[in-house]
Amino acid sequence: MAAKQLDIMKIKQLILLKRKGWSNRKIAEEIGVSRNTVNEYVHYLQASGQSYAELETLCEPALQELFPSKEYLERDRYADLQNRLPNLQKSLTKPGATKKVLWKEYSDAYQDAYGYSQFCEHFRQWAKTMQVSGKLVHKAGEKLFIDFAGKKLSYVNRDTGEVHAAEVFVSVLPASLYSYAEAVEDQTRKSLVKCTNHSLFYYGGVPASLVPDNLKSAVSKSSKHEPMLNKTFRDLGLHYGCAINPTRAYKPQDKALVESTIKLIYQRIYYPMSKMTFFSIHEINQVLWKLLKAFNSHRLSLKETSRYKQFIELEKPYLSPLPDREYKLHHYQRAKVQKMGYIFLSEQKNYYSVPFQYIGKHVEVQHTDEFVEIYYQHNRIASHKKSYAKGEYVTEKQHLSSSHNYYTSWNSDFFIKQAEKIGVYTASYIEQLIAQHEYPEVAYKRSQGIIALKSLYDIDRIEKACSIGLSLEKYSYRLIKNILENKMDMVSESPLLSHHITRHKNNRKPSNYQ
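Letter by letter, the sequence shown follows residues 42 to 555 in our numbering.
Because the hints were derived from the structure by calculation, they are not lab data.
Heads up, some of the hints might be wrong.
As the list claims (entries may be wrong) - Listed below are the simulated EDC-like cross-link pairs for lysine to aspartate or glutamate, each with C-alpha atoms no more than 16 Å apart in a straight line:
id, residue 1, residue 2
1, Lys390, Glu433
2, Lys141, Glu162
3, Lys193, Glu324
4, Lys193, Glu97
5, Lys51, Glu97
6, Lys486, Glu433
7, Lys522, Glu504
8, Lys458, Glu504
The structure displayed is predicted, hence computed values, not measured ones.
Hey, can you work out the whole structure from these sequences and the hints?
If you want it as C-alpha cells, here you go:
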C-alpha cells in the first residue's frame, strides 16, 4: 500500500468520523495524517461493501483484514491468488464480468480467500507489474477500433514508372487484439466504408460498437464530448446494428491500442514489404494479407497465446451475426423540386421525377450505385433505378399532373413549332440553341424560357431580339432576355439589328418556317 500504515485506533477513529459525515480533508487534520492516506483508507473501506456503521462493529482482526499487509503477502494464499490472476484477467474481458463477480467466484473456490478490497489491490499491483492498464481491459465483442495508418505503402505504374502512395486501413478487436489491414487508394468516405465492410466480414461478426478515430470520412465535426457523425457512417451503423462511438478529440489514450497495433504492423508487415516492388493495390493486398495472417498467429510473449487463438476462444462468440449483405455506400444531398416536377442529380447530370404535389419543396436525395431515393420530411416520396446516361430524364408518369404530362413529349420539333408561332427568326434561333448542346434536354428549359417571353414582350420585339442573337452567333435564354430588358432591339440603325442572317451557320432558311 502506497499510503502510510495506520494503527488500528486511528482506523477506528477514521470510520467514526466518516459515519458522522466529515470530509477526508478534515479527518486528515483531526487524526494527524496526510489527506492521501485518508483517501487510500476510505477507498479500501468503501470497497468492502459495508456501511460505516457496520464497519464500527467489526473486531480488530476483521477490520485489519480489509487492508493489504506485508505479512499477508508471504502467505500461501497470495501465491494461490497469483496463479489465478492471469485467468481472472482473461475472464474480466467477458461481457458482464466485474471484479466483484470474479472475487465472489474466487472466494467461493478458496477457503482462505482475501477480502474484496485486498483482492482488488493485489489485482491492481499484478496488472501494474504485467503492464496491463485498467483502462485497457476491454470486453469481448464490445468494440472495434478502426483507423488509417500514418505511414503509407506504395506501388509503381507499369506504363509510366510513376510511384503512387497507398493508404492502409487498420482495425483491431481490443479484447483479443485480432487485427485486419487493407491497402486502398485514399481515405475518402467510399474507401472507409469499403474497408469497414471487409473487416467485419473478415471477423465474421459485428461488435457492439465501432470506434473510428476522428476521420473526416466518418466524423463531420469532432468534439471532446459528442462528435458529429456524417449520415453515411450513421447509416452504416444502422445497417450492421451497432453503435458508432468515435474517439474523443485530444484524448490519445482512447486510441492507444490501435496506435500500438499499427506500430507493430510497421515492424512485422511494412518492413518485409519495403524490400518488394508492387504494381497495383491488388498486389500489395495479396502480400499484406499473407503477412497479416502470420502476424495474427504470432504468439504473444506475455499471454502465451496468439491473437487468432484469443479471437476464436474469447471474442468471436460475443460478436453479433452479420447481415445478409454488405452495406452499400449512400450519398446524400439536398435538392429543390423544379417546376417541371424533377430534381437534378449533379453526379451524372440527370433528372428524376417527383410527385407533382412536391413542386417547389426542398427534399433530401439519397442515392447508391443502384438506386435514387427522394425523401420529404423523412418520408420516401419517390424511388428510381439509377441512370448513368448523362442528361437523361428518368420519369414515372404517375408523378406528373395533367398540366405537366405534356413535358414527356418534349423534343426539338416541339419547341421549333412553338417558336414558329412567334416568327421565323425565333424558330431559327431556338433550333440553333438546341443544336449547340450535347444533351438537348438541357436546352429545352432555355428554349421554353425564350418562348415564354411572349407573355412579357411583343412578339415583334422577340423576333428582333432573336435576329440580333443570330447575327452574334450566341445562343442562350439570358442573351435574348438582356436584349429585351435593355431595349437593344429598339435602337435604330444598329448593326445588331440587321435582319439578314447570311453570317449564320443555320442550314435552314426563313422560308422553311413559312
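Results of checking the hints against the structure:
1. Lys390 - Glu433: holds, 8 Å
2. Lys141 - Glu162: holds, 13 Å
3. Lys193 - Glu324: Distance of about 15 Å is within 16 Å: holds.
4. Lys193 - Glu97: violated, 63 Å
5. Lys51 - Glu97: holds, 12 Å
6. Lys486 - Glu433: With Cα atoms ~14 Å apart, Lys486 and Glu433 stay inside 16 Å; holds.
7. Lys522 - Glu504: holds, 12 Å
8. Lys458 - Glu504: Within the cut-off at roughly 15 Å; holds.
Hint violations for this structure: number 4 only, all remaining hints satisfied.
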